[in-house]
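J.: Spelled out, the chains give:
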Amino acid sequence: MNAADDNLLEQRSPVEVGVWIFILADMCVFAMYFGVFAWDKHLHPEQFVQGQATLNNGFGALNTIVLLISSYFMASAVHAARAQKIEVYARLIRLTIVCGSAFLVVKTAEYTEKISAGFHIASNEFYRNYFSFTGFHMVHVIVGLSFVTYLLFSIRTSEQVRANASFIEGVGLYWHMVDLLWVVLFSLIYLVP
Amino acid sequence: MTLQKDRLFLVLTALLGLTLVSWLASSSLGLGRQTLGVSVLVLAFVKVRLIIVYYMEASTVCRPIRVGLEGWVFGVAGATIALYLL
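These protein sequences, in sequence, are chains A and B. Just so we're aligned, residue 1 is where the first sequence starts under the numbering used here, counting upward by one. Just so we're aligned, residue 1 is where the second sequence starts under the numbering used here, counting upward by one.
Honestly, the hints are just simulated from the structure, not real lab data. A couple of the hints might just be wrong.
Covered stretches of chain B, going by a simulated chain A footprint (3 or more residues, C-beta under 8 Å) [stated by the list, open to error]: (1) 11 to 17; (2) 35 to 48; (3) 73 to 86.
Reference listing, derived: stretches of chain A covered by chain B, where coverage requires no fewer than 3 residues with Cβ under 8 Å from a Cβ of chain B [said to hold, decoys possible]: (4) 90 to 103; (5) 107 to 113; (6) 128 to 134; (7) 146 to 156; (8) 160 to 167.
So, partial list: chain B residues that the calculated Cβ filter (under 8 Å) puts toward chain A [as the list claims (entries may be wrong)]: (9) 51; (10) 55; (11) 61; (12) 62; (13) 68; (14) 69.
Ideal Cβ positions, reconstructed from N, Cα and C, are used throughout, including at glycine.
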């Protein structure tokens with residue numbers, strides 16, 4: 001990290017603080033979902049055991065890997081932007097978009113597989129939780145991906161990066177939130193017996 | 001920048017490693033149901049904290065938000081594990 005990098009880290013703008021508050025609020029909404037899922041699992045253990053057995057862990061694991069890698073690219077892109085390495089920044093933003101799009105493709109394939117097998121949101125308590133929580137998360141991925149795509153096409157020059165430093169940092173934070181929420185959803189829905 | 005990049009890559013490696021451990025553990029028959037469930041949840045929240053600390057750089061934000069983030073990690077982890085163990 002250079003001096004400019006340190007300076008940016010120390011001086012968080014009010015915009016960024018607002019983003020943090022929004023992110024914490026969104027994380028609290030998902031915290032309630034985690035609680036609802038665990039509680040429903042307690043109330044309907046058989047439905048959850050049977051439902052979980054129908055899931056394809058490979059899809060969930062693949063999406064986790066893809067989002068973790070995308071978060072690495074996004075964090076690196078923010079550092080490249082701070083260091084004014086515009087070409088590196090643009091390349092990393094493109095890679096983040098590729099990973100985010102891959103997540104959506106895998107999720108669509110998974111939903112298609114489930115719907116083809118006759119499962120839907122009203123099938124039982126497990127599938128109500130599964131479709132609503134992963135669906136709400138997918139909306140967050142789409143919103144995040146839209147912001148990241150906006151970065152690629154609208155913030156291209158050194159001047160634009162400097163002028164929109166807070167926005168870039170805010171988009172980065174949002175993308176990391178999308179990643180960490182999926183980490184919990186993956187464990188809770190796919191892995192925890 | 002290089003030092004920072006190395007650290008980010010190290011964190012990614014740790015995150016992917018923990019994901020692999022969770023995934024393999026979930027298909028293992030050697031652990032009891034509750035032990036396995038709690039282990040997987042603890043690993044998930046360790047990953048969440050790594051993302052918050054190293055990717056979101058939580059140490060650089062103001063104290064109330066930092067406290068809120070730490071409170072979220074430990075509070076949600078505790079509540080989720082407690083509900084799971086009911």
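J.: All the hints need checking, so say for each whether the structure fits it.
T.: Hints versus structure:
Here the region 11 to 17 of chain B counts 4 residues with a CB under 8 Å from a CB of chain A, which clears the bar of 3, and the coverage holds. With 9 residues having a Cβ less than 8 Å from any Cβ of chain A, the region 35 to 48 of chain B passes the three-residue criterion, so the hint holds. Here the region 73 to 86 of chain B counts 7 residues with a CB under 8 Å from a CB of chain A, which clears the bar of 3, and the coverage holds. A count of 0 residues in the region 90 to 103 of chain A with a Cβ less than 8 Å from any Cβ of chain B is obtained; the coverage claim is therefore unmet, three being the minimum.
Closer than 8 Å: that is the beta-carbon criterion, and the region 107 to 113 of chain A has 0 residues meeting it against chain B, so the requirement of 3 is violated. Counting residues of the region 128 to 134 of chain A whose beta carbon lies closer than 8 Å to any beta carbon of chain B gives 0, which falls short of the minimum of three for the stated coverage. Judged by the Cβ-Cβ criterion of 8 Å, the region 146 to 156 of chain A is not covered by chain B as claimed, because only 0 of its residues qualify and three are needed. Against chain B, the region 160 to 167 of chain A contributes 0 residues with a C-beta closer than 8 Å to a partner C-beta. That does not satisfy the three-residue criterion, and the hint is violated.
Because the closest C-beta pair between residue 51(B) and chain A is about 5 Å apart, less than 8 Å, the hint holds. Interface hint at residue 55(B): satisfied, since its Cβ lies 4 Å from the closest Cβ of chain A, which is below the 8 Å cut-off. The beta carbon of residue 61(B) comes within 6 Å of a beta carbon in chain A, closer than 8 Å, and the hint placing it at the interface holds. Here the hint on residue 62(B) is kept, as its CB sits about 7 Å from the closest CB of chain A, short of 8 Å.
The interface hint given for residue 68(B) is met, as the beta carbon of that residue sits about 5 Å from the closest beta carbon of chain A, less than 8 Å. Hint on residue 69(B) holds. Least Cβ distance to chain A is approximately 7 Å, under the 8 Å limit.
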